[in-house]
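Asks: Spelled out, the chains give:
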Amino acid sequence: MIGGYAHRLAHVDLTSGSITYEPIPEHLMRKYLGGRGLGVKYVFDNGPKVDPLSPENLMAIMVGPVTGSNVPLSGRLAVVTKSPLTGTITDSHMGGFTAARMRWAGFDGILLKGKAAKPTYLVVENGSVTLHDASNLWGLGVRATVRALQEKYGTNSSVMAIGPAGERQVRFAAWLNENDRASGRGGTGAVGGSKNLKAIVFIADKSAMTKPTEERKDAFMASVRAGQKAINAGVLTAPNKGGLSLYGTNVLMNILNEAGSLPTMNGRYSHFEHGEEISGEKFRETMLASEPVCHSCPVACKKELEVKEGRWKTKTESMEYETAWAFGAMCNVYDREAMTYMLDQCNDYGLDTIDMGVTLAMTMEASERKLISEVVNWGDTEKMSDLIRQTAYREGLGDILANGISRAATQFGDPDMAMAVKGQSIPAYDPRGVQGIGLGYATSNRGACHLRGYTIASEIAGIPFATDRTVTEGKALLLKTFQDLFAFTDSMDVCKFATFSEGAEEFAAEVRTLTGMEITPEEAMKIGERIYNLERYYNNLNGFTGKDDTVPKRFLTVPATHNSAGMLSQLPVMLKEYYELRGWVDGVVTEAKLKELELI
Amino acid sequence: MLIKLFGSLRMVVPGGRVEVGYRPTVADLLDELFAQHPALRAEVLHPDRMELLPHVNIMLNGRLVRDLQGLQTAVADGDTLAIFPPSAGG
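The listed protein sequences derive, respectively, from chains Z and S.
First residue of the first sequence? That's 1 in the working numbering, and the numbers climb one at a time after it.
First residue of the second sequence? That's 1 in the working numbering, and the numbers climb one at a time after it.
So that you can see chain Z by itself, here it is in the shape it has in the complex (with noise of 0.2 Å):
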């Protein structure tokens, strides 16, 4: 038998009320092993035609081989499901602990299908699912939620829930669990809503935690011992030395800024001239209140804030670089205070940060060009958090934005003004200054997003090697290769952080440790692109073509500024080599490729 694994997969109709449980047949885990390839292959089983907020839409929670191991930061659990906000497939990934304790509790997966006749939640535990009712907890927050479901299930139980906003079905809702980790991206968080779930309870401990065979257990504790070895010798991750250890990811600001290019006043300039005030070291050194950590992981990225007094009062994690950018040089804010405030906001009523400050963005520039009738300065830190509040509730002018910023755009009079990839806003680096990541916003197979391939590792900080952030030459397959492993790491499902000291063959030595399968790196890579290739079919199915991988127009053709002035995306040269590389056609999948990857 395969180690590893639980073994175990439950199907909830949660129309039916009925829930059987079925391994995973060892084919699947050897072509998609976990997490984010095994989601994507049962949504895509599940048929392309699906309206995402419907009965019919399967919402996969997984989680990978090493889940709930000593593989560091093997902490993570994935959502996979058609998403609303984009119309893609979606995969969103959680930290914390809750991934751990669903492997403890028995399970590889839970998919999820229908539609409860009144609000429900799950409880997960020793092998088996239940129904509840979660009447008394529909209409509340994140916090309260999980306060109440901690209580009744005590300390051995993680909680991850919805906000007022997934009720609502929001199309950035997120999920969010008890340590303000979110899986953030494509509004699973709606879909959780649609099938009026709020809650999934995990019980378990550790005497359950994730273990190799005897006969492994040797070369699985020397493949775990090498990958500590890298994370705490790691420049980046070494525990409270490194830049992402001490200030958490929002070390990239000041970086990016000096770089002309942090996507400002919603992309019309690349540098924000308040930078320093919203970068990690201001956060660290003025609101600081603690260093929480995830399972299996000495990193310790997250970063609690507290503002202790006054009109922005508040205590809550973590003001990650995106958040950060989002509300801060997005539109044009640099009150930390309030940014935490507004954090602390989304986190309770369960909405994408990204998301909702590059919405807000976009319509401050709507209200400044007189599309709405309503007045959204910039900087207006009290209307965005009033904003915030309306999005998640579905009132007024955030009734509109609620159905995300692509939408919302169109509505205003000006799809161009959404800075969004196949309807979803941007994370916080500017394709202009930055080449190759604006190829990856254009290729992700979930919207705009730097997490499918962050070639900014390469193109800004240097690892695992050094390209000039100008230039195309060589972008195409750097990209590509960060898609490939990034896939692979996914499906085990590790931090993406573990990617900064840590290469393929320790990734698969990790998983040949633990599972007994036989993957090589070349494997690993090939197992990736498999993934990144069953993705791309499943939205070509959805009428996805090339004409859909781009960039917002503004970066094709308004200049950046400051020390990028002048620059442009450089998409289409990009895009092409990209294409071959692939072996796609107009980023369609082609037969040739489906066969060779065993994917029909």
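Certain hints may be false.
Claimed, not checked - Only part of the chain Z face toward chain S is listed, based on derived beta-carbon distances under 8 Å:
#: 1; residue: Ala-259
#: 2; residue: Glu-281
#: 3; residue: His-450
#: 4; residue: Thr-561
#: 5; residue: His-562
#: 6; residue: Asn-563
#: 7; residue: Tyr-579
#: 8; residue: Leu-581
Said to hold, decoys possible - Computed list of lysine-lysine pairs in DSS-like fashion (alpha-carbon distance at most 27 Å, straight line):
#: 9; chain 1: Z; residue 1: Lys-547; chain 2: S; residue 2: Lys-4
#: 10; chain 1: Z; residue 1: Lys-595; chain 2: Z; residue 2: Lys-576
#: 11; chain 1: Z; residue 1: Lys-595; chain 2: Z; residue 2: Lys-547
#: 12; chain 1: Z; residue 1: Lys-217; chain 2: Z; residue 2: Lys-282
#: 13; chain 1: Z; residue 1: Lys-576; chain 2: Z; residue 2: Lys-553
#: 14; chain 1: Z; residue 1: Lys-241; chain 2: S; residue 2: Lys-4
Said to hold, decoys possible - Computed footprint of chain Z on chain S; a stretch qualifies when at least three of its residues, placed anywhere within it, have a C-beta under 8 Å from a C-beta of chain Z:
#: 15; region: 17-30
#: 16; region: 58-68
It should be emphasised that the hints constitute simulated quantities derived from the structure, not laboratory data.
C-beta atoms are modelled at their ideal positions from N, C-alpha and C, and glycine is treated no differently.
Since the structure of chain Z is provided, determine the placement of chain S on it from the hints.
Replies: Quick look at chain S alone, frame taken from chain Z:
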């Protein structure tokens, strides 16, 4: 000329701003910087040679000097140098 320091380098130089006189290359500017703040050298350069530590990045007016002529990149009066310890996130 202004040299800006970020991240953990501010633990060595609080505030992260250092003014130095004009020097013709990045390497010369670093010499001037380390003369004022000797403890910075070990955070930026290899102990035995004039080479940046892995993943330490220096920008001259926003361009990474590794993409120019490295530490021998020519400097003009009024340019801004920014030094970053290893940084990535996402």
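Asks: Given the hint that Z:Lys-576 pairs with Z:Lys-553, does the C-alpha gap stay at or below 27 Å?
Replies: holds (18 Å)
Asks: Holds or violated: is the Cβ of Z:Ala-259 closer than 8 Å to a Cβ in chain S?
Replies: Interface hint status for Z:Ala-259: holds (5 Å vs cutoff 8 Å).
Asks: When I compare C-beta atoms, does the region 17-30 of chain S have three or more residues closer than 8 Å to chain Z?
Replies: Three-residue rule not met by the region 17-30 of chain S, so violated; n is 0.
Asks: Classify the hint on Z:His-450 as holds or violated, based on whether any CB of chain S lies nearer than 8 Å to its CB.
Replies: The hint holds - Z:His-450 has a Cβ within 8 Å of chain S, the shortest such distance being about 6 Å.
Asks: Would you check the hint for Z:Lys-595 and Z:Lys-547, treating anything up to 27 Å between C-alpha atoms as holding?
Replies: Answer holds: Z:Lys-595 to Z:Lys-547 is near 24 Å, not above 27 Å.
Asks: Z:Leu-581 was flagged as interface toward chain S. Is the shortest Cβ-Cβ separation under 8 Å?
Replies: This hint is violated: Z:Leu-581 lies away from chain S, its Cβ roughly 23 Å from the closest one there, beyond 8 Å.
Asks: Does Z:Thr-561 meet its interface restraint, that is, does its C-beta lie within less than 8 Å of any C-beta in chain S?
Replies: violated (11 Å)
Asks: Is the hint on Z:Glu-281 kept, meaning its closest Cβ partner in chain S is under 8 Å away?
Replies: Holds - the Cβ of Z:Glu-281 comes within 8 Å of chain S, reaching about 6 Å at its closest.
Asks: Mind checking the CB of Z:His-562 against every CB in chain S and telling me if the closest is under 8 Å?
Replies: holds (7 Å)
Asks: Within a Cα-Cα threshold of 27 Å, do Z:Lys-595 and Z:Lys-576 meet the stated pairing?
Replies: Measuring from Cα to Cα gives roughly 22 Å; hence the hint holds.
Asks: CA of Z:Lys-241 to CA of S:Lys-4, is that 27 Å or under?
Replies: With a Cα-Cα distance of about 20 Å, the restraint between Z:Lys-241 and S:Lys-4 holds, given a limit of 27 Å.
Asks: For the pair we were handed, Z:Lys-217 and Z:Lys-282, check the Cα-Cα distance against 27 Å.
Replies: violated (45 Å)
Comparing the model with each numbered hint stated earlier shows that hints 4, 7, 8, 9, 12, 15 do not hold.
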